[in-house]
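**Q** This is what each chain is made of:
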Amino acid sequence: MTYQQILDEAIGAPPPPAIDLDQIIGRETRRARRRRTGAYAMSAAAVLAVTVGGGLVVTGGPTATGPVIAGSPGTSVAEQTPEARVRTAMLAALDRAAPGLRWLPGGGRENNMAEWSGPAVAEPSWPVNRFSHLSASGWIGAGVAVRGDVRARLSIEISRPKAGQPAEPVGCRGPERACGTSLGPNGERIRVMELEARYEAPGQPVIRPGDRTVDVFRPDGTRVRVDAMSRSEEFLLTAAEMTAIALDPALSLP
Amino acid sequence: MNRRDEDEFREFVAARLDPLRRTAYLLCRDWHTADDLVSITAGRLYRHWRRVRAADNVDAYVRGVLTHAWLDERRRPWRRERSSDDLPDQPDPGSGEPTLADRELLWDLLGRLAPRRRAVVVLRFYCDLSVEQTAEILGVSTGTVKSQAARALEHLRLLAGNEMAMEYGRRA
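Just so you know, the protein sequences line up as chains A and B, in that order.
So the first sequence is numbered by my numbering: it starts at 1 and just counts up by one.
So the second sequence is numbered by my numbering: it starts at 255 and just counts up by one.
Source of the hints: derived by calculation from the structure; they are not laboratory data.
Remember, it's a predicted structure, so these values are computed and weren't measured experimentally.
Warning: the hint list may mix true and false statements.
[Unchecked claim] Computed beta-carbon distance windows for the label pairs:
| hint | chain 1 | residue 1 | chain 2 | residue 2 | range |
| --- | --- | --- | --- | --- | --- |
| 1 | B | LEU407 | A | GLY184 | 50 to 60 Å |
| 2 | A | GLY108 | B | ARG257 | 23 to 33 Å |
| 3 | B | ALA268 | A | GLY184 | 46 to 56 Å |
| 4 | A | GLU83 | B | ARG264 | 51 to 61 Å |
| 5 | A | GLU123 | B | MET255 | 17 to 27 Å |
| 6 | A | ASP8 | B | ASP310 | 22 to 32 Å |
| 7 | A | ARG177 | B | ASP326 | 27 to 37 Å |
| 8 | B | ARG305 | A | GLN5 | 53 to 63 Å |
| 9 | A | GLY164 | B | MET255 | 55 to 65 Å |
| 10 | A | SER117 | B | LEU407 | 56 to 66 Å |
| 11 | A | GLY221 | B | ALA269 | 33 to 43 Å |
| 12 | A | PRO185 | B | ALA269 | 28 to 38 Å |
[As the list claims (entries may be wrong)] Derived contacts from chain B toward chain A, CB cut-off under 10 Å, selection only:
| hint | residue |
| --- | --- |
| 13 | HIS286 |
| 14 | VAL306 |
| 15 | PHE379 |
| 16 | LEU407 |
[As the list claims (entries may be wrong)] Pulled from the structure, derived: some chain A residues nowhere near chain B, Cβ distances all over 10 Å:
| hint | residue |
| --- | --- |
| 17 | LEU21 |
| 18 | ILE25 |
| 19 | GLY118 |
| 20 | SER155 |
| 21 | TYR199 |
| 22 | ARG208 |
| 23 | ALA250 |
For every residue, glycine included, the Cβ atom is placed at its ideal position computed from N, Cα and C.
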């Protein structure tokens, strides 16, 4: 028996592939388009800089007129919609505290673990939605994140109690698997909870998914909640990483 | 990329999908990650398709891209695997063909190999690349490939030659 045969034996029968060539080609095409657009924008910016520079040297001469740049593809934060601002801040906070997370493409599958298969991509879809409960309102963004072998629903929620509504108690409630509270560097109150959960995939034994929630209650009344529920018993992020995300000052209500 | 190139790319990847997935699985030992690695590899091939087509040995080139995709992924802190000094369970030495226990043991042994040594084993003995090709992909000397392969084979030979029982007898 050759080594190749031995290794093939060890591999066994592979599961159906979760590789979507159409998606890969689409992603690469978009990437190439973005690169081209970026290159054109940089060229235009370079032309403008040279022209303006020339104008400064020829002080007192005719005003240099640079080329008209139509619609830069980059949009400043001030020009973004509230939804886009929240999304940008959430993704930046994730990138700062837990760089390199990968994502399952497409939205809408966060709440169905059975759909958490397939290849991960670098760019999250991360839809952000505004919500309004009886007592509080805010924004929530979510996606299925992948880190190593762990896949989890990851969400960030930024909210504030409505006028006249009491703030949420910060202490531990009791039924959590584990819970602890602490103080943040700017007076924030932090609560880290590991929650009890059970999940049974078809034909598989019941597991206790890693389910952790970190709440940060800021002195101004804003609450930032980071929640991650894995499809396996391992946690997607450490409590420290989740706390760092929730403490990120960029996460604020628009 | 024009339509013709894209069709050619699709055919190319479709024809190699199974061996690429199996190679990726040997490297990372997880089907989800293996599919991720193959997707990353396919993306890179698409990006540099003209360069890929111009390669002297396209299959060696592709396996190089795949191996680097895996090594890059492993550099992320959460990819670092735990090593263990525990001996694996004793396999059933009664059969001349590899048994389920043998396969599990081989799997376990592969998992214990350091990443680059595992890559040497996979490229040399599963992908059947030459010492020179393996060295070029991994950016090491041919001597390093030979020595790493020899050390890794000390373990794998036990399975191929059904010498497991003797070895475990010596350890016991």
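**Q** Note whether the CB distance of ALA268/B and GLY184/A lies within 46 to 56 Å or breaks it.
**A** holds, 52 Å
**Q** Would GLY118/A pass as off the interface with chain B, using Cβ distances and a cut of 10 Å?
**A** Given that some Cβ of chain B is not farther than 10 Å from that of GLY118/A, nearest at about 7 Å, it is violated.
**Q** Taking the shortest Cβ-to-Cβ distance between ALA250/A and chain B, state whether it exceeds 10 Å.
**A** holds, 23 Å
**Q** Is the gap between the beta carbons of ARG177/A and ASP326/B within 27 to 37 Å?
**A** holds, 35 Å
**Q** Should the label of SER155/A as a non-interface residue stand, given a Cβ cut-off of 10 Å to chain B?
**A** holds, 20 Å
**Q** Going by Cβ atoms, does TYR199/A stay more than 10 Å from chain B at every point?
**A** holds, 17 Å
**Q** With 50 to 60 Å as the target window, see if LEU407/B and GLY184/A comply at their CB atoms.
**A** With Cβ atoms ~54 Å apart, the hint holds.
**Q** Note whether the CB distance of GLY221/A and ALA269/B lies within 33 to 43 Å or breaks it.
**A** violated, 60 Å
**Q** Measuring from beta carbon to beta carbon, are ASP8/A and ASP310/B in 22 to 32 Å?
**A** Check passed, 27 Å falls within 22 to 32 Å.
**Q** For the pair ARG305/B and GLN5/A, does the Cβ-Cβ distance stay inside 53 to 63 Å?
**A** Violated, since ARG305/B and GLN5/A (Cβ atoms, about 33 Å apart) do not stay within the stated range.
**Q** Please settle this one: ARG208/A was flagged as non-interface, so is its CB more than 10 Å from every CB on chain B?
**A** Given that every Cβ of chain B is farther than 10 Å from that of ARG208/A, nearest at about 20 Å, it holds.
**Q** With a cut-off of 10 Å on the beta carbons, see whether PHE379/B makes it to chain A.
**A** It holds, given that the least Cβ distance between PHE379/B and chain A is near 4 Å, below 10 Å.
Hints 4, 8, 10, 11, 12, 14, 17, 18, 19 from the list above are not met by this structure, while the remaining hints are.
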